[in-house]
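Taken in order, these protein sequences are the chains called W and F.
The numbering of the first sequence is UniProt numbering, which starts it at 1 and goes up by one.
The numbering of the second sequence is UniProt numbering, which starts it at 1 and goes up by one.
Be careful, since some hints might not be right.
To be verified - Between beta-carbon pairs, the in silico distance windows are: (1) F/Gln339 to W/Gln61: 32 to 42 Å; (2) F/Gly454 to W/Lys43: 23 to 33 Å; (3) W/Ser129 to F/Asp47: 19 to 29 Å; (4) W/Ala33 to F/Glu887: 46 to 56 Å; (5) F/Val771 to W/Arg42: 53 to 63 Å.
It should be emphasised that the hints constitute simulated quantities derived from the structure, not laboratory data.
Since the model is a prediction, treat every value here as computed from it, not as a measurement.
Backbone N, C-alpha and C define an ideal beta-carbon position, used for all residues, glycine too.
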Amino acid sequence: MIKFMLMVNRQGQTRLSRYYQPVELSRRAMLEADVVRCCLSRKKDQCSFVEYKDFKLVYRQYAALYIVVGVTDSENELSVYELVHNFVEVLDKYFSRVSELDIMFNLDRVHIILDEMIQNGHVVETNKSRILTPLTALDKMADG
Amino acid sequence: MPAVSKGDGMRGLAVFISDIRNCKSKEAEIKRINKELANIRSKFKGDKALDGYSKKKYVCKLLFIFLLGHDIDFGHMEAVNLLSSNKYTEKQIGYLFISVLVNSNSELIRLINNAIKNDLSSRNPTFMCLALHCIANVGSREMAEAFASEIPRILVAGDTMDSVKQSAALCLLRLYKTSPDLVMMGEWTSRVVHLLNDQHMGVVTAAISLITCLSQKNPDEFKTCVSLAVSRLSRIVSSASTDLQDYTYYFVPAPWLSCKLLRLLQCYPPPEDGAVKGRLVECLETILNKAQEPPKSKKVQHSNAKNAILFEAISLIIHYDSEPNLLVRACNQLGQFLQHRETNLRYLALESMCTLASSEFSHEAVKTHIETVINALKTERDVSVRQRAADLLYAMCDRSNAKQIVAEMLSYLETADYSIREEMVLKVAILAEKYAVDYSWYVDTILNLIRIAGDYVSEEVWYRVIQIVINRDDVQGYAAKTVFEALQAPACHENMVKVGGYILGEFGNLIAGDPRSSPLVQFNLLHSKFHLCSVPTRALLLSAYIKFINLFPETKATIQEVLRCDSQIRNSDVELQQRAVEYLKLSSIASTDVLATVLEEMPPFPERESSILAKLKKKKGPGAVSVTELEDNKREGGELNGEGDRGPDPAAMASSNASTPSPSADLLGIRSAAPVGAAPTSVGSLLVDVFSEAGPAAPSAAVNDDGFLSSASPSEDPAPPLSEADELLNKFVCKNNGVLFENQLLQIGIKSEYRQNLGRMYLFYGNKTSVQFASFTTTVSCPGELQSQLNASDQTSGTTGRGWSPDPTGTQHRVLTDFSDAPLLNIKFRYGGALQNLTLKLPVTINKFFQPTEMTSHDFFQRWKQLSQPQQEAQKIFKANHSMDTEVLKAKLLGLGTALLDDVDPNSENYVCAGVIQTKGQQVGCLLRLEPNGQAQMYRLTLRCSKDSVSRRLCELLAEQF
């Protein structure tokens with residue numbers, strides 16, 4: 001299963017974090033810094049899967065933004081790797097060419113998208129239009 | 001330009017985020033955040049009620065601040081308020097805050113539960129989903145209690161919306177994981193399994209996660225899922241790439257769903273139903289075929305998605321391990337990936353092939369890729385890929401390719417990354433031992449290992465090479481020659497000096513004929529390294545020197561000279577000094593015969609599982625070394641260690657004092673299980689322990705008070721009790737059964753029962769060696785005045801058999817009056833010709849003869865007052881040595897034999913007990929009070945007995961127990 005998902009930029013600033021296994025709040029900052037250091041130090045030609053402590057990291061880079069997913073040993077690495085891409089494509093579709101700023105300023109919406117795709121560390125939906133259903137409904141209502 | 005915010009943008013939030021982005025320094029950022037936190041606090045505390053929108057905005061800001069890595073300790077209440085809003089965005093932010101920031105033991109749970117209850121019954125699917133997400137994220141016990149019975153109903157109800165079903169499935173999974181006792185699946189089982197047939201792919205995707213988890217826990221109940229999963233998989237695999245529309249990802253139909261189905265099937269053995277199995281094999285073949293087809297898209301996403309399914313299918317094929325055809329095809333497919341330009345694929349192929357190597361059907365096929373893998377080890381630029389290559393080489397190694405693989409691994413070691421060197425060293429050492437056909441190759445390999453990566457060679461590795469050299473006559477000469485040559489290097493690793501010292505000390509005579517390695521040359525070579533070595537190595541070298549005196553009398557004068565010099569005999573290290581003094585004296589006093597006996601060649605070591613393998617397993621964590629590997633090792637290892645051809649030779653051992661187990665048994669990696677003979681030597685003492693061990697188990701090598709050997713003739717008198725006998729005694733004060741004693745040869749188990757003033761004790765002797773003990777006798781005696789206090793009679797049956805004695809020895813005790821000492825048990829037997837003489841205290845303590853007495857609070861304190869003479873009371877205040885847990889304490893007090901009285905002491909923290917000790921002549925009433933002080937980790941123990949000696953003895957005994 002998926003343990004957590006992080007979005008960080010090249011400066012190491014966290015832009016999104018979601019944990020699917022309880023991690024104490026105080027330990028998160030340490031873990032994030034360490035995980036990010038581990039991924040940022042890797043070169044392009046190195047493989048995208050890293051053994052980290054007793055689990056694995058699957059990461060993917062989009063321009064200055066890294067998406068890092070912590071998974072248990074039993075997870076299929078390539079499917080998680082493509083899940084990340086699917087997530088980014090959904091963001092891209094919703095924000096039409098997503099950027100780091102979109103993610104910062106629309107944290108709540110990014111969370112809605114992520115929650116539609118992954119719940120409790122498991123993939124629940126991969127169909128792009130169904131993932132976006134609640135958000136599109138929301139924007140139509142424009143109830144703010 | 002904060003216009004990037006979509007929809008109902010919260011302006012205040014956007015401004016704040018822009019401000020943060022514009023901060024030039026970390027300090028400025030912190031300042032801005034603190035200002036904002038103060039602002040939000042005052043808004044939340046203010047008198048004016050906030051509207052939903054403002055609450056949402058502030059809670060959202062708090063979330064953002066939390067993401068930046070700051071602690072958030074308020075706002076929870078406002079978030080809970082948002083849950084009852086009717087607006088989706090407000091509700092959603094409330095739930096988000098709670099699932100990110102509320103942990104499962106928060107006191108807010110009840111409020112949250114109320115809000116969830118409302119949303120679940122709202123029939124508004126989006127609200128229901130939010131509520132279900134929240135349960136799935138927090139998943140506390142209280143939530144499970146509130147909702148566990150409702151969720152399955154929502155999940156299988158016909159009118160539930162698809163999106164709600166998805167959330168309900170994952171929610172139920174979480175509750176099942178955290179509180180399995182509350183989730184009753186029984187009646188829902190079949191309907192949950194049938195979700196696999198749901199026409200909505202999203203529901204199937206979500207349900208599989210739940211079904212997989214449930215199947216792992218109750219495979220039988222969910223067995224029907226196999227055929228459903230196979231037919232679902234078959235429909236997906238055979239569909240055209242456009243059939244599944246939105247679930248098709250870059251021309252691959254439903255890749256994530258396929259992976260999850262294949263993963264679910266790995267919870268079960270191959271289907272028994274022929275039709276189902278046929279269909280599944282067909283699916284797997286189709287997946288393998290598709291890998292060979294030209295790609296439908298040049299995009300990497302296409303091939304990744306396709307390969308994700310392929311790897312999962314291969315995992316399933318390996319899991320079944322029953323279809324040779326599929327296994328070989330899988331292996332060939334992976335072989336292609338080994339040379340793929342994508343690093344990710346090479347990595348996964350190496351990893352997957354590692355498991356294929358252990359299947360008998362594909363082992364040979366894997367071996368054909370050896371050159372590619374070796375090349376990967378040499379040329380891959382990513383250390384994690386090289387590591388996988390090394391793992392695979394290790395897995396594919398067998399007798400036919402061992403020399404090549406070990407050589408490649410050795411040469412890789414010279415440049416290997418520091419992070420993986422230690423593991424590589426262990427692997428090389430294991431392979432070299434496992435597949436050694438000639439031992440000279442084995443010795444060469446290990447010495448090379450020490451030369452190349454000495455720092456990473458752990459004790460286990462060099463202990464092991466010594467064990468093997470000592471056990472194999474045919475390699476000893478070669479080992480001496482090789483190690484002698486290795487030591488010629490101007491700089492050699494300290495581990496090499498250790499091995500060199502040990503081997504030359506034992507077998508230097510085998511190469512002494514050659515003038516280039518004459519005794520004196522050997523000695524000078526070793527001694528030239530002496531000053532560069534650490535204390536344990538020097539100690540080992542000193543022992544090697546004394547062995548030299550025995551092997552080569554002509555070196556005696558030179559070595560005595562070295563021992564006599566101030567840097568040895570007055571060394572500030574007490575261990576080195578002692579060795580120097582003792583060896584010097586030994587060499588000048590003892591006759592040649594005595595020397596030869598004392599310094600006899602080390603006897604062979606008993607065969608055991610390689611300690612190196614144990615170390616590798618520990619390093620890699622459980623499960624890393626497969627069971628087959630262990631069995632392999634037993635099978636193959638036998639060849640090197642000579643299972644049948646050479647057991648310990650009794651004649652050789654009889655002549656050797658060293659036949660008693662000494663701490664040099666560390667070589668076998670069983671230090672932890674060797675309580676016998678607390679030899680006064682420090683760590684790293686290998687050879688010398690043979691002489692300095694003064695333990696009673698080795699009376700023939702006894703050392704008198706001066707520390708010199710006094711007698712070489714075996715003594716027949718019972719040895720004095722072991723120094724730790726009292727400790728052993730304490731172990732049994734509160735229990736009647738257990739292991740009384742254990743050393744390398746023998747384990748003694750004990751079972752006892754007591755009634756009034758009588759007791760019966762059964763002793764079980766277990767022979768841990770593979771040879772019979774000769775003349776095994778035991779005697780029980782009561783020393784000194786105990787004779788008049790306790791009758792102890794034994795009914796011994798001679799036990800010489802191997803393994804556990806069929807008939808335990810029984811000992812009967814009759815207590816005449818109170819006593820404080822314990823009866824002694826003396827055991828004598830011959831092992832390999834040497835007399836073993838061991839004396840233990842039998843754990844018969846006065847409290848064993850307790851009869852519990854129940855009494856009321858009133859009676860207790862009346863008795864307590866009656867026993868108020870100062871000598872009748874014994875009291876002790878002491879520090880807790882063990883857990884102060886209530887249950888543990890209660891169990892101990894009950895084990896003591898007294899009655900534990902509830903509701904007697906006004907302070908419920910205290911424990912009060914009462915009992916009567918039955919002796920032949922009289923009964924002694926005892927009252928006990930134990931007052932724990934958890935804070936100070938202290939106890940006060942008070943005993944009042946009608947006989948003062950009993951109070952004192954019980955107090956002593958009990959003070960050691962808590």
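Results for each hint:
1. F/Gln339 to W/Gln61: 32 to 42 Å: violated, 25 Å
2. F/Gly454 to W/Lys43: 23 to 33 Å: holds, 31 Å
3. W/Ser129 to F/Asp47: 19 to 29 Å: The hint (19 to 29 Å, Cβ to Cβ) is violated, given that W/Ser129 and F/Asp47 are roughly 47 Å apart.
4. W/Ala33 to F/Glu887: 46 to 56 Å: violated, 41 Å
5. F/Val771 to W/Arg42: 53 to 63 Å: Holds: the Cβ-Cβ distance is about 57 Å, inside 53 to 63 Å.
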